[in-house]
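These protein sequences, in sequence, are chains Z and C.
Numbering-wise (my numbering), the first sequence opens with residue 1 and increments by one.
Numbering-wise (my numbering), the second sequence opens with residue 1 and increments by one.
Rather than coming from a laboratory, the hints here were simulated on the basis of the structure.
Everything numeric in this text was worked out from a predicted model, so none of it was measured.
Hints are supplied without guarantee of correctness; some may be wrong.
[Stated by the list, open to error] Now the in silico label distances, taken between C-beta atoms and shown as ranges:
hint, chain 1, residue 1, chain 2, residue 2, range
1, C, Met320, Z, Ser111, 32 to 40 Å
2, Z, Ala65, C, Gly176, 47 to 55 Å
3, Z, Leu146, C, Ser103, 47 to 55 Å
4, Z, Trp136, C, Lys65, 43 to 51 Å
5, Z, Phe70, C, Gly176, 31 to 39 Å
6, Z, Leu20, C, Ile42, 55 to 63 Å
7, C, Val14, Z, Ala94, 27 to 35 Å
8, Z, Ala94, C, Leu102, 56 to 64 Å
9, Z, Ala65, C, Ile334, 44 to 52 Å
10, C, Gln188, Z, Phe133, 53 to 61 Å
11, Z, Leu20, C, Ile334, 36 to 44 Å
12, Z, Ala13, C, Ser103, 26 to 34 Å
13, C, Leu102, Z, Ala93, 51 to 59 Å
[To be verified] To give a feel for the contact side, a few chain Z residues facing chain C, derived at Cβ under 10 Å:
hint, residue
14, Ala36
15, Ile40
16, Ile47
17, Leu60
18, Ile61
19, Met71
20, Phe101
21, Leu102
22, Val103
23, Leu104
24, Gly107
25, Val126
Even glycine gets a Cβ: it sits at the ideal position worked out from N, Cα and C.
Here's the letter readout for the chains.
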Amino acid sequence: MALPTIAFWILAAFTAVSTLFTVLTRNVVHSALGLAASLIGAAALFILFGAQFVGLAQILIYVGAVVILFMFGIMLTGTAVRPVVDNDQRPAAALVALAVFLVLAAGIVSSFGTKKVRFQVAFPTVQLGHQLFTTWVLPFEAVSILLLAALVGAIVLARRD
Amino acid sequence: MDWLDVVIILVKVVVCFLLLNLLLAVVVWAERKVIADMQSRIGPNRAGPYGLLQSIADGLKLFTKEDIFPLSADRIVYPIAPIISAVPAFLAFTVVPFGNMLSIGHRHITLQIADINVGLLFFLAMGSIAVYGVALAGWSSGSKYPLIGAVRSSAQMISYEIAMGLSVIPVVLYAGTLSTRGIVLAQQHMWFIGAQIPSFLIYLIAGVAECNRAPFDLPEAETELVAGFHTEYSGIKFMLFFMAEYMHIVTISAIAVTLFFGGWMGPHPNFLVPLWGVLWFLGKTAAFVFLFYWVRASFPRLRYDQLMNVGWKFLIPIGMAWIPISAAVHIFDIRRVVLVGAGVIVGIIVLSLVLPTKKPEVLTEEEAKTTA
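The task is simple: from the sequences and hints, build the whole structure.
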């Protein structure tokens, strides 16, 4: 087996195991940590397939900001003192998980099918930037506005005065 | 890539790691000596000449000390938190270019562990993982002071990460690349500090805050929180936190040199060219490390609300405003930009005079009671 293939399987197994750990553990902080680990695994997979920018942006934004805010929330709300939680929404969660899995699987199969994906050297970030700000500028701006709306919405919901 | 390339990479990694460890010992000793001198003390002077071996003695002491495991600590997270803290601190250094090229025969060796095309992003990403070390250490210790320290620290580091990210964007705009080596090469004619003073100042302040150093050392404010997030740690686990802190200082100084002060570049005689580059790099980095000591000895610690205000209401807005300004200067004629900029500033001043200002609300005692 070629070296990248071995690396792929190790990283894929790491990502899968940490994702399983995220949903199986009863401890909220462990769960957040597992999520961070699985996101790092996914970032490593991105880098393996030549998408260095996407991989590192994933670490910077998801691991470094989103999950750390989860942790922050857990610590501030006092769940950190008694972090063992569980509730009766398991069937609903399973249903949602199944639906998400089906959508993702259908998307991946329809866009790749049986095509083989090659490992490649790093994709130049300059090209990515040019593409993003010329061909894809409209979707890019739309996503920005969506994020801004989410931000404003969160503030409106959180402020009660 | 043949086997020799692999050997070269391995040698680079091992040599850098060992030298960095040695460097950390020197950095810690130098800090104690410099701050002692600034406070009219002598500092360490028992172990070796001028106390040079003090760091090694401390290291041996920490190695052999009892490793205390608190009863209420988390079984899994408590031991790995120091590792999560130390590993990204060392990894961040891999993208620092400490010299230009070493040519042996037909082989060109870049004096940098890994020149990836998103090097700067890698440095920022490692900085954001480092928050986990602190946050998890505080949480997993299972006592209150570390927890408070960890909450403070994660809030502080997230806030200042944004400022730091904003401060490097103008540099990337000027250099046209995210590769750290590319950024140094882009400074051949002029160091970026010439055009990027606001960016540099924001980077420096955010950098000090990222390291949790005085005057931003609230996560371990000893008058309030004992020792903050690492209160419960002892022995080798504590040493890992300690090393991570100093490693962050070295890396942030090295990246400051790379981004704003031309990295390894400097005037040099025409023999042993790669060596002079490394010496220039080390010298500039040492100057920044000294600045860290100086700041620590000079400024009192900020209050928590002041800390948040500096980050969110001062550094981030200035960083945001500076990005379009420097982009405009980069693209257009500088005189036109100055004219338009002056117009905008005058406009803002006029608007702020015309628009009614909202007075700060003062709650009466009864109102305060009802809202609380």
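Taking the hints in turn, this is what the structure says about them:
{"no.": "1", "hint": "Met320(C) with Ser111(Z): 32 to 40 Å", "in the structure": "holds (37 Å)"}
{"no.": "2", "hint": "Ala65(Z) with Gly176(C): 47 to 55 Å", "in the structure": "violated (26 Å)"}
{"no.": "3", "hint": "Leu146(Z) with Ser103(C): 47 to 55 Å", "in the structure": "holds (51 Å)"}
{"no.": "4", "hint": "Trp136(Z) with Lys65(C): 43 to 51 Å", "in the structure": "violated (56 Å)"}
{"no.": "5", "hint": "Phe70(Z) with Gly176(C): 31 to 39 Å", "in the structure": "holds (36 Å)"}
{"no.": "6", "hint": "Leu20(Z) with Ile42(C): 55 to 63 Å", "in the structure": "holds (57 Å)"}
{"no.": "7", "hint": "Val14(C) with Ala94(Z): 27 to 35 Å", "in the structure": "violated (48 Å)"}
{"no.": "8", "hint": "Ala94(Z) with Leu102(C): 56 to 64 Å", "in the structure": "holds (58 Å)"}
{"no.": "9", "hint": "Ala65(Z) with Ile334(C): 44 to 52 Å", "in the structure": "violated (36 Å)"}
{"no.": "10", "hint": "Gln188(C) with Phe133(Z): 53 to 61 Å", "in the structure": "violated (27 Å)"}
{"no.": "11", "hint": "Leu20(Z) with Ile334(C): 36 to 44 Å", "in the structure": "violated (57 Å)"}
{"no.": "12", "hint": "Ala13(Z) with Ser103(C): 26 to 34 Å", "in the structure": "violated (42 Å)"}
{"no.": "13", "hint": "Leu102(C) with Ala93(Z): 51 to 59 Å", "in the structure": "holds (56 Å)"}
{"no.": "14", "hint": "Ala36", "in the structure": "holds (7 Å)"}
{"no.": "15", "hint": "Ile40", "in the structure": "holds (8 Å)"}
{"no.": "16", "hint": "Ile47", "in the structure": "holds (9 Å)"}
{"no.": "17", "hint": "Leu60", "in the structure": "holds (5 Å)"}
{"no.": "18", "hint": "Ile61", "in the structure": "holds (9 Å)"}
{"no.": "19", "hint": "Met71", "in the structure": "holds (5 Å)"}
{"no.": "20", "hint": "Phe101", "in the structure": "violated (28 Å)"}
{"no.": "21", "hint": "Leu102", "in the structure": "violated (32 Å)"}
{"no.": "22", "hint": "Val103", "in the structure": "violated (29 Å)"}
{"no.": "23", "hint": "Leu104", "in the structure": "violated (25 Å)"}
{"no.": "24", "hint": "Gly107", "in the structure": "violated (26 Å)"}
{"no.": "25", "hint": "Val126", "in the structure": "holds (7 Å)"}
In this structure, the earlier hints numbered 2, 4, 7, 9, 10, 11, 12, 20, 21, 22, 23 and 24 are contradicted, and the remaining ones agree with it.
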